[in-house]
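Participant: Residues per chain, in single letters:
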Amino acid sequence: MESAQHTELVKPPAAGPKKTSPLYTRRVKTFMREVWRDRMSYLFLAPFMLCFACFIIIPVFIAALLSVTNFNGIEFPRFVGFSQFIYMLTQDVVFMKYTLPNTLKFAIIVGPGGYLLAFVFAWLIHQLPKSIRDYFTLALYAPAMVGGVALSVVWAATFSGDQVGYLNNLLLRFGMIESPQLWLQDPKYLMIVMIIVTLWTSMGVGFLAMLGGLQTVNTELYEAGRIDGIKNSLQEVYYITIPSMKPQMLFSAVMAIVGTLKAGAISTQLTGVTITPNYAGHLITNHIDDYAFIRYEWGYASALSVVLLLLSYVLWRFCFVLFGSKGEQ
Amino acid sequence: MLNAVRKLRKQISFPRIVLIVFLTAVGVFMLIPIIFLFNHAFKPLNELFAYPPTILVKQPTWRNFEQLLLSSTAGLVPFTRYLFNSAVISAIATGAVILVSTMAGYVLSKHRFHFKTMIMGLILISLMFAPETVAIPRYLVISGLGLKDTYFAHILPFLASPLAVFLMRQFIDQIPASLTEAAKLDGASDMYIFTKIIIPLTAPAVATVSIITFQAVYLDVETSTFFMTKETMKTLAYYATALVVNVPGVAATSLAAAIGLIMFLPNLIMFLLFQRKMIQTMLHSGVK
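For the record, the sequence lines run as chains A and B.
Here the first sequence stands for residues 1 to 329, numbered as in full-length UniProt numbering.
Here the second sequence stands for residues 1 to 288, numbered as in full-length UniProt numbering.
Hints listed in this document are in silico derivations from the structure and should not be mistaken for laboratory results.
Quantities reported herein were computed from a predicted structural model and do not represent experimental measurements.
Glycine is no exception: its CB is placed at the ideal position from the N, C-alpha and C atoms.
One or more hints might be untrue.
Dumping the calculated DSSO-like pairs for lysine-lysine here, alpha-carbon to alpha-carbon at most 30 Å [said to hold, decoys possible]: (1) B:Lys-116 <-> A:Lys-262; (2) B:Lys-230 <-> A:Lys-262; (3) B:Lys-277 <-> A:Lys-29; (4) B:Lys-277 <-> A:Lys-246; (5) B:Lys-184 <-> A:Lys-29.
Short derived list, chain A residues pointing at chain B, Cβ under 8 Å [said to hold, decoys possible]: (6) Phe-55; (7) Ala-150; (8) Val-321.
Covered by chain B, per the in silico footprint, the following chain A stretches (three or more residues, Cβ under 8 Å) [stated by the list, open to error]: (9) 133-143; (10) 201-209.
Sequences and hints are given; from them, build the entire structure.
Facilitator: The following block contains the structure:
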């Protein structure tokens, strides 16, 4: 562009031009010239990239580094190799007995379950006339906007363990239970309550993306499909709708996974304690918080976060295989 | 689409009614807790503890809000300080995220330069990233930069929002390149193209990003918990959590009822204002 007059300002790096081959110098020169030509692009990108580096990339690297040390927040970290990970797999009883099964159970129901629900509801809403869609969208999306505090206020009252609790009151009135149940303190129920409440909040950005995606499906395809012998709407969804909105399905899947993996605060918001009774609602994020902010074993907490980050990366790849547009066609 | 809808309406009307009834039932079920939230906030004390409990308020009162307005932490930091912090931080952070992510989205969509593929790859991967997982390293970074107990620590981490940049880029992608290239041929600078062409055309995406960011910032508790040691630098969300979790008792119940609504209302208003725009943005949200 207009940068031709600037090119002579750019010099190859001083790192011994005599040693390097002319080809190498030339390449560096062109590269630097190109970088200088695109300086506006980099300038526009700079604010984001700086923050991105400071608060996402560097923290992830620090976490990876700390995970092989025994850092406790005060003393200088000492290298301990993979012993944190070995401890996690062989000696951390709570992790193996409660955290992992709980996280898996929670994630398997809330992740794919919430995702499926979001798709079903988005699809159903899409069948409605345009004029009334917005009301239903609002009704389903509203819970996703309720923050932790409002969630505590509402659901703690609902599942309160005494007779004044709304659920107890209702069930007692219909004679379905004989005495008030401690929904939030009883390890039997806590996980179910957590799953229900999380599903209630799960119609978030992913759900809106699906609604958007449904609008992008070319309606001519449906007519063509009918000619080709598609009999019912289930087939229509499977053969036309989902393949046409794969990109939105992938985006939504990503949102569902993040939402599920970071949902550790829910048990604290419901019960008001960090460590739930009998570890009934103990998820991997609670486990990290426990080691990070109660026991101050930051090395081990970092090892746990690394496992969580790796897990989310694996799931991300998996979603790409499932919905990526590169695989097919 | 409308044609198809009309055809459908003629073909099957009974299933449609069933569908509407079913969705209404689901909608009501989803909304009951929210209706409860609104009513709860206006209940006088005797109704808050009434037996049997009711969802709807009988004699609405502003008392809970009055008490909340006058409340304070240990008599030192008044409620209004938290409110002020939250208002300032949410406003600045939302504005800054819009600016930063539009700039980045524009460049990533319309310019060609080195590292672009790599940066897009990083952004895609970090859509998966939950900041909660790296609270400790973030703490180390923030205290290393000397940002503890400053408004910067409240705002800067939110600028690193891969989701905002991703949505912006996807949205700007569908603005025809011929538009920006024509302007470029006419000698327009990048700054001119950005402010005069890109910004006006991305209004729906800006609305969406502002909803998402505002919600995230307004509801964020972690920043105040981990990065702020001074009580005067903490936000409303933190105060609300502290009220709900730490102080059981009669007074807390009434305060919590009021603050629960305050933590929800701004999000709702933002969404009602921009709902259509949000879905419009989501048309382009796909990961390809």
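Participant: Taking the hints in turn, state whether each one holds.
Facilitator: The hints, checked one at a time:
Proximity of Lys-116 (chain B) to Lys-262 (chain A) is assessed by CA-CA distance (about 29 Å); at most 30 Å being required, the pair is judged to hold. Of the pairs offered as hints, the one joining Lys-230 (chain B) and Lys-262 (chain A) holds, with about 27 Å between alpha carbons and a cut-off of 30 Å not exceeded. For the hint linking Lys-277 (chain B) to Lys-29 (chain A), the alpha-carbon distance of about 46 Å lies beyond 30 Å, and the restraint is violated. Annotation: proposed proximity of Lys-277 (chain B) to Lys-246 (chain A) holds, straight-line Cα distance about 22 Å (limit 30 Å).
For the hint pairing Lys-184 (chain B) with Lys-29 (chain A), the CA-to-CA distance comes to about 26 Å; that is within 30 Å, so the pair holds. The interface hint given for Phe-55 (chain A) is met, as the beta carbon of that residue sits about 4 Å from the closest beta carbon of chain B, less than 8 Å. Because the beta carbon of Ala-150 (chain A) sits about 4 Å from the nearest beta carbon in chain B, less than 8 Å, this interface hint is met. Given the 8 Å rule on beta carbons, the hint for Val-321 (chain A) is violated: about 13 Å separates it from the nearest Cβ of chain B.
With a threshold of 8 Å between beta carbons, the proposed coverage of the stretch 133-143 of chain A by chain B holds, since 10 of its residues qualify and at least three are required. By the rule of at least three residues with a Cβ nearer than 8 Å to a Cβ of chain B, the coverage given for the stretch 201-209 of chain A holds, with 4 such residues.
Consistency note: the structure conflicts with the earlier hints numbered 3 and 8.
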